[in-house]
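Chemist: One-letter residues, chain by chain:
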Amino acid sequence: MVVPARSWRVTVGILLVAVVCIQVRAQQRSNASERRPQVLDRAPARMIADPNPVFRAVVLDAEHGEVFMANDKESAGTSVLVYPTQFPATNRIMEPKRRIAGPKTDLGMVCGLALSIEHGELYSVSGETGTLNVYPLDSTGNVGPARRLRGVMPRASAGVFLDVKNDELFITTEHVNRISIYPRTFQEDQEPLRFIQGPASGLGDPHGIYVDSTTNEIFVSNHGNWRETQPGEGEVRGPDSLTRTSLGYNVPGRVVPLNPSTGKFLGPSITVHSRSASGNTAPLRIIHGPHTQLSLPDGIYRDPMSGELIVANTGDDSVLFFAKDAAGDVAPVRVLKGPATKIKGPVGAIIDAKRNELWVASWDSHVAAVFPRMANGNIAPLRVIRTASENAPLASMGRIGAVAYDPKRKEILAPN
Amino acid sequence: MSQPRISAYASSADGNAQPTRVIQGPKTLQARTSHYIAVDSVRDELAVPNPFAQAILVFRGGAIGNEAPLRVIQGPKTLLSSVDNVAVDPVHRELMTASFPNDSVLVFQADANGDVAPIRILHGPKTQLDRPIRVEVDPINNLIAVMNDRALLVFNRTDSGDVAPKWVLSGPKTGIGTRNGTRDLKLFPEGRKIIAGGSIRPPRGTRPSEPAGEDEQGFFRAGQRFIGVWKYGDTGDVAPWAQLNYSPVTKIPGSRMALNPEGADLIIGGDGKVAVYHLPEVFQKTID
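As given, the protein sequences belong to chains Y and U, one line each in that order.
Each residue of the first sequence is one higher than the one before, starting from 1 at the first, in the numbering used here.
Each residue of the second sequence is one higher than the one before, starting from 417 at the first, in the numbering used here.
Do not take every clue at face value.
25 Å max Cα-Cα, derived DSS-like pairs, lysine-lysine [to be verified]:
1. U/Lys602 / Y/Lys408
2. Y/Lys264 / U/Lys667
3. U/Lys443 / Y/Lys342
4. Y/Lys104 / U/Lys667
5. Y/Lys324 / Y/Lys354
6. U/Lys701 / Y/Lys410
7. U/Lys493 / U/Lys582
8. U/Lys602 / U/Lys701
Negatives, chain U to chain Y, calculated, CB over 10 Å [unchecked claim]:
9. Glu483
10. Asp527
11. Asp687
Hints are computed from structural coordinates only; laboratory data are not their basis.
Every residue gets a Cβ at the ideal spot worked out from N, C-alpha and C, and that includes glycine.
Using the sequences provided together with the hints, build the complete structure.
Modeler: Next comes the structure, spelled out in structure tokens:
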């Protein structure tokens with residue numbers, strides 16, 4: 001068979017083009033693999049940041065007249081700030097007596113604090129790393145923790161409470177709807193003594209925690225974001241870990257099947273659990289419903305004299321007080337709220353029983369305010385500690401998980 | 417932080433600026449751990465994930481204060497797990513999320529609301545999906561990119577099921593992957609570029625001793641922060657075409673990013689700060 005010359009020319013042409021393409025691609029690959037990056041290093045044109053510390057958790061050493069407050073604002077350098085409980089009223093920025101801060105402290109995003117006067121210890125929980133650190137109560141500066149619980153506690157833990165009577169530490173974890181209980185004397189790789197977790201527990205995005213060792217009750221504030229969790233979820237067990245969600249990005253964990261989603265919005269609540277409860281156990285009672293006025297509740301405390309529950313109600317800039325046996329859809333017995341209070345984004349509340357005073361830590365306004373213990377309504381605080389001037393912008397950026405740009409409004413968007 | 421919120425700042429904002437608006441309050445249904453916002457500039461909407469309630473919230477673009485979302489994707493059919501990222505394709509009217517717990521990418525119609533099933537799922541061993549944390553879509557060149565534990569994977573936009581990626585960026589020269597601190601990725605369709613943060617390991621013996629977190633030099637865990645820019649088609653262990661490195665001058669605050677192509681700005685968030693870098697080189701519409 002004779003192949004026409006024209007067909008040969010076409011075939012040869014196609015082959016030549018193919019060879020050239022292959023060579024060009026090989027050259028491109030070679031260029032890419034040996035590439036020297038163009039360096040774009042330059043200073044930022046603009047930097048948005050709040051340099052002022054904020055107040056998150058608050059704990060008191062009434063014996064020594066000191067109040068400890070967690071500052072989780074990364075742009076101000078996270079720290080624990082220690083102030084005297086008694087000081088002349090001033091509206092100026094107040095410097096702390098001392099501060100625990102610096103790379104050696106390993107504070108991370110310090111969300112929760114507890115203290116033991118008897119053992120001279122301060123306990124801090126970092127939501128970012130899932131660590132519980134212990135510092136001597138008189139620590140100052142860039143000091144490392146004396147003890148550290150690391151590697152077993154789920155990430156995104158926030159609230160911590162020391163039950164002095166039973167010598168146990170209680171910790172809440174948002175990501176996995178859990179309360180973990182450790183001995184105060186924990187070692188670095190200590191397993192929890194017990195935990196409360198599972199669909200029956202009623203826990204939904206838990207935050208603040210308080211334990212009453214007299215009534216043997218645990219009180220937990222919940223934002224209400226809920227999904228079904230399995231008991232043991234969030235524990236770091238290497239490849240056998242139950243889900244990866246709260247383990248950190250680099251821990252393999254088990255792959256979760258593409259199962260039906262279980263997420264729900266339960267609404268905010270205070271769940272009350274037995275102090276000795278364990279596993280997937282239902283709460284003893286729940287404070288929940290529209291009459292409660294609960295809105296993104298955070299720090300929680302019990303008045304040691306009246307038994308009232310005190311809730312830092314972040315979502316509506318208030319502090320709510322509930323009767324000691326409150327349950328169901330009940331209204332608070334008192335509400336501290338209004339512009340005179342200077343409460344804005346409250347996250348912590350505590351009673352100084354020795355001085356009959358109520359402390360409220362407000363994140364947004366950079367203010368810790370001191371009130372009479374039975375304060376009610378829109379009343380001015382007795383005195384305040386502030387880390388920013390009164391006319392400074394409210395704190396608005398927390399831990400920035402993302403940024404976005406809205407071209408229509410020419411705005412930069414930053415969620416916490 | 418105190419409560420879940422989205423703060424909006426003027427693009428010219430600097431220093432301790434007051435937000436122009438804040439979206440916050442119980443009606444917004446946001447969770448405190450919020451790792452993404454997607455802007456749909458065509459429909460003028462914002463999409464935000466809520467990982468704890470396994471939901472995607474879609475707000476009006478100009479939402480302010482305690483404003484409820486327009487739509488909420490949530491329910492058993494959605495298969496949403498701990499959803500912490502979302503991308504929007506305004507051209508093809510789709511919305512997608514990379515699902516870290518189950519090595520998949522779920523794609524929904526952009527106007528989905530309530531308990532709706534995904535219209536496509538990318539999932540299976542050929543996909544090489546391994547703890548994916550971010551997905552981005554290029555509706556012009558019809559691509560999606562996914563950030564993995566050790567790699568950046570690029571697929572055709574409409575890929576579905578168990579499909580191999582068309583490009584895979586991975587290896588020590590890339591410095592990317594969540595293992596290396598990458599928490600975000602962006603695509604610039606007009607310039608056919610991929611932008612991702614990562615970290616470069618310093619030589620052994622010079623690494624900081626801190627076991628975790630970040631030291632004052634900007635080293636964190638694996639190495640030193642950088643933002644890398646790759647060209648479309650880059651595959652394998654390829655160094656970036658260009659990079660912005662952490663230094664006392666650049667002060668890169670993190671690896672969460674947004675692009676403002678009109679202003680030729682790369683916006684980077686982290687450490688409680690937002691930094692704006694003017695990088696016209698990156699926003700050229702054609703590259704060498």
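Chemist: Please go over all the hints and tell whether each is borne out by the structure.
Modeler: These are the hints, each one checked on the structure:
no., hint, result
1, U/Lys602 / Y/Lys408, "19 Å, holds"
2, Y/Lys264 / U/Lys667, "40 Å, violated"
3, U/Lys443 / Y/Lys342, "23 Å, holds"
4, Y/Lys104 / U/Lys667, "21 Å, holds"
5, Y/Lys324 / Y/Lys354, "20 Å, holds"
6, U/Lys701 / Y/Lys410, "21 Å, holds"
7, U/Lys493 / U/Lys582, "29 Å, violated"
8, U/Lys602 / U/Lys701, "15 Å, holds"
9, Glu483, "14 Å, holds"
10, Asp527, "19 Å, holds"
11, Asp687, "5 Å, violated"
Checked against the numbered hints above, the structure violates hints 2, 7, 11; every other hint is satisfied.
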